[in-house]
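A.B. asks: The primary structure of each chain is shown beneath.
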Amino acid sequence: MTEALQCMAVELEAGATVVVPMSQHIGAPCKPVVEKGQEVTVGQVVGESEAFVSAPVHSPVNGVVAKIADMPHPNGSKVQSVVITVGQGGHKTSQWQKLPDKFELDKYEYEQIEKAVNAAGIVGMGGAAFPTAVKLARNPQKPVTTVLLNGCECEPYLTSDHRLMLEAADSIVAGLALVVKATGASKGVIGIEDNKPDAIEVMLKAIEGYDNLQIASCKTKYPQGAERQLVNALTKRVVPTGGLPLDVGVVVCNVGTAAAIAWAVTQGRALTERIVTLTGKGLNNPGNFVVPVGMLLSDLIEFSGGLNDEAEKVLLGGPMMGPTTSRLDIPILKGTSGITVMTAAEYLKAEPTACIRCSRCVDVCPLNLVPTKIAHAVKARNIEMAKENDIMACCDCGCCVFICPSQIPLLQYIRTGKIAVRQMG
Amino acid sequence: MTEEVKEKMFVVSSSPHLVEPSSSKRVMYEVCIGMIPAIGVALYHFRERALIVLLSCIVSAIATEYIFNAVRKKAKTHFDGSALVTAIILGLSLPATLVWWKCVLGTFVAIGIAKMLFGGLGSNIFNPAMVGRAFLMAAFGSAMTTWVFTADQDKAERALWSQEQISQTVQLCAADGSEESAVEEVAVVSGATLPLTGATLLKEDDSLRKAYKKSKRAHDTAIAEARAVLHDAEESGIVGEELAVAQEVYRVAEHAAEDAYDATKKELKKERDSKSYKDTISTLMGSERGSAGETSAIAWLIGGLFLLVRRTITWRIPLGVLLSSGVIALIAWWVNPIANMNPIAHWGAGGLMMCAFFIATDPVTCPLSRKGRFIFGLGVGALIMIIRLFGALPEGVMYAVLIMNMLTPLLDRCTRPMPLGGHVKNA
Ligand code: SF4
Ligand code: SF4
Chain A
0 MTEALQCMAV ELEAGATVVV PMSQHIGAPC KPVVEKGQEV TVGQVVGESE
50 AFVSAPVHSP VNGVVAKIAD MPHPNGSKVQ SVVITVGQGG HKTSQWQKLP
100 DKFELDKYEY EQIEKAVNAA GIVGMGGAAF PTAVKLARNP QKPVTTVLLN
150 GCECEPYLTS DHRLMLEAAD SIVAGLALVV KATGASKGVI GIEDNKPDAI
200 EVMLKAIEGY DNLQIASCKT KYPQGAERQL VNALTKRVVP TGGLPLDVGV
250 VVCNVGTAAA IAWAVTQGRA LTERIVTLTG KGLNNPGNFV VPVGMLLSDL
300 IEFSGGLNDE AEKVLLGGPM MGPTTSRLDI PILKGTSGIT VMTAAEYLKA
350 EPTACIRCSR CVDVCPLNLV PTKIAHAVKA RNIEMAKEND IMACCDCGCC
400 VFICPSQIPL LQYIRTGKIA VRQMG
Chain B
0 MTEEVKEKMF VVSSSPHLVE PSSSKRVMYE VCIGMIPAIG VALYHFRERA
50 LIVLLSCIVS AIATEYIFNA VRKKAKTHFD GSALVTAIIL GLSLPATLVW
100 WKCVLGTFVA IGIAKMLFGG LGSNIFNPAM VGRAFLMAAF GSAMTTWVFT
150 ADQDKAERAL WSQEQISQTV QLCAADGSEE SAVEEVAVVS GATLPLTGAT
200 LLKEDDSLRK AYKKSKRAHD TAIAEARAVL HDAEESGIVG EELAVAQEVY
250 RVAEHAAEDA YDATKKELKK ERDSKSYKDT ISTLMGSERG SAGETSAIAW
300 LIGGLFLLVR RTITWRIPLG VLLSSGVIAL IAWWVNPIAN MNPIAHWGAG
350 GLMMCAFFIA TDPVTCPLSR KGRFIFGLGV GALIMIIRLF GALPEGVMYA
400 VLIMNMLTPL LDRCTRPMPL GGHVKNA
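Chains as they are written, first to last, in numbering that gives the first Met the number 0: chain A, 0 to 424; chain B, 0 to 426.
Chain A extracted, bound-state conformation (with noise of 0.2 Å):
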């Protein structure tokens, strides 16, 4: 699945329509500002909140509102979304990958830095979507010693990440020097998986300069991405179960994130693009894309080879955690990093059989958990039992279900347990 790594991104202009969801991020939805009819122009914004946790949204293009309606949403129900048909000059991007002028940190002080990132509605791209500013906003409370950068691939397939590093080095290090500033952290950290020499390569040489910033290689191993695991792998320290990386003074931050912020910062740029891996054995021309917010994911595939014969599953995201769609009059948000699009070869799996207690899925549970015995425990309806063994605690990474050679839908079991946990209060 290297392919898609090997070519530059390619830049893909927006179909006829775009959907701008106003809910792309956790926390509050935000509320149209534009009306029917209107025109707008890129980066223009078309939805905000007044809630502390959210994020605006922006046009992605130069067009015309359409409409303003509940549309079809990744999460597989209706959200509000702006609805823009796209004009004259449509999407404009000009060097997207570069900070224009030398970029000097000095320039900036913590108020802008919130400030800029706030009004760019940047948000977590890794796929948490979390409003960055929030993430940024300092809390006495709890003081920020390290900021890491996750240049580890959230999920096996996806390379947007690694594209990303050896596009965007300069800017991806000017976005995390400004958040080491603005959260008045000592040290930023920038990890990167050691399947990734060429990354590690431009990225030390992008670090040249800052004297409190540092490359730390790590072992290419899923869920290695994941903020729990690389906050371990990276400080030795244990995010408590149920609690933020803040809670021991880390601030994790994703490589698109941290580009968007030097742009943000620098340009004024919001976040209306951004990139996205194609990949899959269902796609005909695989490879990463870098395409406005809002872009429809028929249109992307459509523009970008289109789907083959084979193609079977649609993922909105890795093989591991991407959940899968069936419709796709849906747009690609800020924190979409991949669609994976699989044949019936790749996925089909045999049927489940015995557990034979091979402890095979204890072993690999990133989280320590005992994955057999929770599943047993919701299969009995036993939920008291799940809850003891710390269901609530799982991230859903696959892991267990990847590994189990009775190949038992261990994950679809905990998923159950924990609407039931929730359910019970």
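Everything labelled a hint here was simulated from the structure, so no lab data went into it.
Note that the structure is predicted; figures quoted are calculated from it, not measured.
Ideal Cβ positions, reconstructed from N, Cα and C, are used throughout, including at glycine.
All the given hints hold, so there is nothing to weed out.
Only some residues are given here: those of chain A computed to face chain B with a beta carbon under 10 Å:
{"#": "1", "residue": "327"}
{"#": "2", "residue": "345"}
{"#": "3", "residue": "369"}
{"#": "4", "residue": "395"}
{"#": "5", "residue": "401"}
{"#": "6", "residue": "410"}
Distance condition first, Cα-Cα at most 20 Å in a straight line; then the derived SDA-like pairs of lysine to any residue:
{"#": "7", "chain 1": "A", "residue 1": "235", "chain 2": "B", "residue 2": "417"}
{"#": "8", "chain 1": "A", "residue 1": "386", "chain 2": "B", "residue 2": "416"}
{"#": "9", "chain 1": "B", "residue 1": "75", "chain 2": "A", "residue 2": "353"}
{"#": "10", "chain 1": "A", "residue 1": "114", "chain 2": "A", "residue 2": "43"}
{"#": "11", "chain 1": "B", "residue 1": "72", "chain 2": "A", "residue 2": "351"}
{"#": "12", "chain 1": "B", "residue 1": "101", "chain 2": "B", "residue 2": "51"}
{"#": "13", "chain 1": "A", "residue 1": "141", "chain 2": "A", "residue 2": "241"}
{"#": "14", "chain 1": "A", "residue 1": "378", "chain 2": "B", "residue 2": "122"}
{"#": "15", "chain 1": "A", "residue 1": "280", "chain 2": "B", "residue 2": "18"}
{"#": "16", "chain 1": "B", "residue 1": "212", "chain 2": "B", "residue 2": "341"}
{"#": "17", "chain 1": "A", "residue 1": "417", "chain 2": "B", "residue 2": "418"}
{"#": "18", "chain 1": "B", "residue 1": "269", "chain 2": "B", "residue 2": "341"}
{"#": "19", "chain 1": "B", "residue 1": "73", "chain 2": "A", "residue 2": "351"}
{"#": "20", "chain 1": "B", "residue 1": "75", "chain 2": "A", "residue 2": "349"}
{"#": "21", "chain 1": "B", "residue 1": "424", "chain 2": "A", "residue 2": "392"}
{"#": "22", "chain 1": "A", "residue 1": "417", "chain 2": "B", "residue 2": "422"}
{"#": "23", "chain 1": "B", "residue 1": "265", "chain 2": "B", "residue 2": "205"}
{"#": "24", "chain 1": "B", "residue 1": "24", "chain 2": "A", "residue 2": "349"}
{"#": "25", "chain 1": "A", "residue 1": "386", "chain 2": "B", "residue 2": "417"}
{"#": "26", "chain 1": "B", "residue 1": "212", "chain 2": "B", "residue 2": "335"}
{"#": "27", "chain 1": "B", "residue 1": "75", "chain 2": "B", "residue 2": "25"}
Given the coordinates of chain A, assemble chain B with the ligands onto it according to the supplied hints.
C.D. replies: Below, chain B with the ligands alone, put in the same frame as chain A:
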């Protein structure tokens, strides 16, 4: 294309969408592959006898599983490999002389009762093969402890013996009532010629140890008695000449006891020394008497390493077993090399290697967590040595495994790993 795409129904399912191309079946068959060297050694040493034992076990294991599933109207699992693993382990831990129907009976108990009645693969508490063997031990004790020479040994020994001596031995054996059934057994299997039988290495070790203990006890009692006599004499208030005589008597008795003890020790030591090198080699290579498959430690080691490399098993249980048994054997040997066999021979003998890599590692009946598995291994190794050194039985693999199986649920509870970041705090 767009239209077509919109028409197309995509598959919706729960993540993850990738799985490792492995299956429980494959795990089981890999275990079987790991046992090939040991099977080869068994067939080489015991020829058609081993073949008959193995085949009876295998055929009856698969048949038993099939019948139980059919009767209880459950999915067919007889070819999932687990019955085969149990059958081979059981077959290789039986003496090659066991008649086929006893093998079948043992297999029936192993698969039918120890596994299927508990709910089939994954639900059994005890290692099925060990339950089957325990049953046979209880039911046919003497047949289960009759160990024939290997084919090579048999030939060599026979060459030394004249036909006359052989028939004498046969008569002698037959005359000895307690051995009768064993001899019959042997005669049935082998047809006209009586195979030569002998003690296993552990049995020999055991008798040497017992001989040592006996002579020590004799020495201790002799001295104690002499001392008591002397004490009585002193109490009675004798003086002078008479006292000197009593003391002299005591000294003589003491000397005699010491001498006898020393002589036995020397003899035992000679026997140990004459054997120790040869025994160590022969347990490793498999030219020693024993169960069909437990004779060659090297064969099991090769198979075990194969499983480790294939990651079919993890290293914790084998290491635990070898570590605790090795340490105990080493201490015993160091303290008293006359009474105790050297640790390498202990490792090589009595199926300890087979246990470390193939029996104790049965996933179903060992704990889930890494720590639990290591403790389990340590426990099995320690129990084996305790039974060998202090118990009435010369070997201990079977009971050690069964006892630790019983402790598995407890170990599971006590060694549950702590989630990264601590337990979920329940609101
Ligand atoms: S999905 Fe499985 S492996 Fe991953 S955290 Fe949950 S229980 Fe552990
Ligand atoms: S990996 Fe599968 S078979 Fe093995 S213990 Fe876990 S659930 Fe059971």
